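Student: I would like the entire structure built from these sequences, with the hints used as guidance.
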Amino acid sequence: MAIIGVKNLSKHFKVLNRHEGLLGAARDLFSTDYRLVKAVDDISFQIEPGEIVGYIGPNGAGKSTTIKMMTGILKPTEGKIEVNGNVPFKNRQKNAQNMGVIFGQRTQLWWDLPVIESFKLLKEIYRVDQETYDHQMGMFNELADLKALYPQTVRSLSLGQRMLCDITASFLHNPKIVFLDEPTIGLDISIKARIRELIKELNRTHNTTIILTTHDIGDVEALCSRIIIIDQGHILYDGDIKRVNQLFGAYRTLRVQVRPYKGEQTIDQVRQTLVERYGEDRDFTVRSREMGWINITFRQDEMPLLEVLNYAMSRLPIRDVQIVELALEGVIRRIYEGALQ
Amino acid sequence: MFANLVHYGRLYLRLEAQYIKARMNYRVDFIVSSIGMIFSNIASLAVFWVLFHTIPHLAGWTFEEILFIYGFYLLAVSPAQIFFDHIWQLRYHLMEGTFIKYYFRPLNMMFYYMSEMVDIKGFAQVVLGGAVIAYASTQLGLTWTAGRIGLMILTLFSASLVVIAILVIASCAAFWTLQSYSILALAFRLREFAQYPTTIFDGFFRFLFTYIIPIGFIAFYPSQLMLRPQEASWLIYISPVVGIALFALAYLVWSVGVNSYSGTGS
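So the protein sequences, as listed, match chains G and R.
Okay, so the first sequence: first residue is 8 according to the working numbering, each after it adds one.
Okay, so the second sequence: first residue is 87 according to the working numbering, each after it adds one.
I should point out that these hints are in silico values taken from the structure, not numbers from a laboratory.
Watch out, some of these pointers could steer you wrong.
[Claimed, not checked] Computed far set for chain G versus chain R, every beta-carbon distance over 12 Å:
#, residue
1, F37
2, S38
3, K45
4, E85
5, G167
6, D290
7, F291
8, T292
9, R306
[Claimed, not checked] Think about it this way: if two alpha-carbon atoms lie no more than 30 Å apart in a straight line, the pair counts; the simulated DSBU-like pairs of lysine-lysine are:
#, chain 1, residue 1, chain 2, residue 2
10, R, K187, G, K127
11, G, K127, R, K107
12, G, K127, G, K207
13, G, K21, G, K87
14, G, K14, G, K45
15, G, K87, R, K187
16, G, K14, G, K87
17, G, K183, G, K127
18, G, K207, R, K207
19, R, K187, G, K82
20, R, K107, G, K154
21, G, K154, R, K187
22, G, K199, G, K183
23, G, K82, G, K130
24, G, K21, R, K187
25, R, K187, R, K107
26, R, K107, G, K130
27, G, K82, G, K97
28, R, K207, R, K187
29, G, K101, R, K187
30, G, K45, R, K187
31, G, K14, R, K207
32, G, K97, G, K14
33, G, K97, G, K45
34, G, K97, R, K187
35, G, K21, G, K45
36, G, K87, G, K101
37, R, K187, G, K183
38, R, K187, G, K14
39, G, K127, R, K207
40, G, K45, G, K101
Treat the numbers as computed from the prediction; the structure is a model and nothing was measured.
Idealized CB from N, CA, C, for every residue including glycine.
Tutor: Below you can see the structure in the form of structure tokens.
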């Protein structure tokens, strides 16, 4: 029995065609010149209990609009949507009782209150009994070690600390479904890893269904077994992550800082070192876009990332390395080009 | 239903207790704004006092009677100020997109939204309004019979609903325009007219303030009933209906607004 069922769902917005300049703005006041924007256009999918689904797509693809319809903020223009047996727009409150939401970077905790007070208020709001509350809080402590943050006000937390608190808070009432919208945006690598670990554990212990929207392919790779890719309101791909994994991993870029840096000479040195190991005909590029940093882009299936890294480290005077995050846009372009057919 | 009411009641008390605790961190702000509120009211009273030094009557109403109306006005606007103060921030929340968080809790949205703020200095205003009424009624030799007290409570209740409704409706314009400040400011200005006897206005405004934007029901008509029952129009007897109907309308406008808001991109 699917916990979320979406069938032929569409959301269209009427948007005013704006004119330029002051005169244009005056004309817009009385304009009836609308165009229809199909933010979500005829999408269907089903999600089973306990799944972690990555719902991904570039900016403006329709991700947020879909989430807003699933959480009951927006009324669909057409189509059916059922979450946990409810129609979200009609039964918003009932739906909310079984749902946790992290939306963008906006905290839902009480800004001026100590963290622990927010948890206590949520306990009241969701009518969580004392036993469940103690159990959940104990678990959060084990997983995220938040005790030290409890007496601090939410406003004084760092972005990463706040996100940890927000995520655990969204699991407090033991919801059946949790929507996480960009939970790791703007965070550094170590806290990203902690958050991913936390989400995975929370999913495992309570079999919570999680819908994750993100730009960060790292999140998807770490958490999801299934992904839905949406672009321009349409579903581009829905299925096992393994098939698209090759696309994500097809090209990787390693950035290295070599000292001493002597411009072209150093770039050639790096290129020669790699040619020595892999030969002339391998598909890789070495170039510098920024003083002191050299980008090595290669195919993951021909040259495993770690191998390249180890080899370069052993042969070159490398001071610093970075593994560049993959851009979703590139993956989507490749799907359009027929990479999955 | 009853259990629900208890739940909301308890929740409200806890939320406000926390809110007040948090506000206490900004003690200076609290003290300064309370002093400001008291002084602005004293200034209004001073205007009346000066006014009545030059003219003995205002449309047949004496200084003490005007004081009574003013006291009633202060009491009537206090619930809106204390419990619905967050409505002033609505347009910011809508513009910034922070409003969507209010959709995610299993709570009535108006309740949850309004519960995030309580204006403590409004309580000082209640004390001031009570004192003004006590002084004026002593001067006027008004006796507080049980019937009169009952009438006072009933009319105050409906007057408060009228104030709240006007404020909510004006703020809800932000759901569609995102720039409701001018409308809100207009509503706030209009509310000030409620301090005066509606009878001092000529035909058009009297009609406007009675039937269209019923600010006459905020202080004047109920006070008339207390002070000069023989002059009071039949309209005052339907004031609870006016209050409840207007609040229902405001709630409807709010609900339509909430359902038509789509948020900002994230």
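Student: Holds or violated: K45(G) and K101(G), Cα atoms, limit 30 Å.
Tutor: 29 Å, holds
Student: Between K21(G) and K45(G), does the CA-CA distance stay at or below 30 Å?
Tutor: It holds: about 9 Å lies between the C-alpha atoms, which stays within 30 Å.
Student: K127(G) and K207(G): Cα distance at most 30 Å?
Tutor: Holds, because 24 Å separates the two Cα atoms, which is no more than 30 Å.
Student: Measure nothing beyond the straight line between the CA atoms of K14(G) and K45(G); if it is 30 Å or shorter, mark the hint as holding.
Tutor: Holds: K14(G) and K45(G) sit about 16 Å apart, inside 30 Å.
Student: Regarding the pair K207(R) and K187(R), is the alpha-carbon distance no greater than 30 Å?
Tutor: Status holds; Cα separation ~27 Å.
Student: Is the straight-line distance between the alpha-carbon of K101(G) and that of K187(R) 30 Å or less?
Tutor: Satisfied, since the Cα-Cα distance of roughly 16 Å is no more than 30 Å.
Student: For the pair supplied as a hint, K14(G) and K207(R), confirm whether the alpha-carbon distance does not exceed 30 Å.
Tutor: Since the Cα atoms of K14(G) and K207(R) sit roughly 52 Å apart, the hinted pair is violated (cutoff 30 Å).
Student: Starting from K45(G), check that the Cα of K187(R) is at most 30 Å away, please.
Tutor: Roughly 24 Å separates the two Cα atoms, so the pair holds.
Student: Can you confirm whether the C-alpha distance between K21(G) and K87(G) stays at or below 30 Å?
Tutor: Within the cut-off at roughly 21 Å; holds.
Student: Regarding the pair K187(R) and K127(G), is the alpha-carbon distance no greater than 30 Å?
Tutor: 18 Å, holds
Student: Holds or violated: K21(G) and K187(R), Cα atoms, limit 30 Å.
Tutor: The hint holds at about 24 Å.
Student: According to the definition I'm using, a residue is off the interface if its beta carbon is farther than 12 Å from all beta carbons of the partner; does F37(G) meet that for chain R?
Tutor: 15 Å, holds
Of the numbered hints stated above, those contradicted by the structure are hints 18, 31, listed in ascending order.
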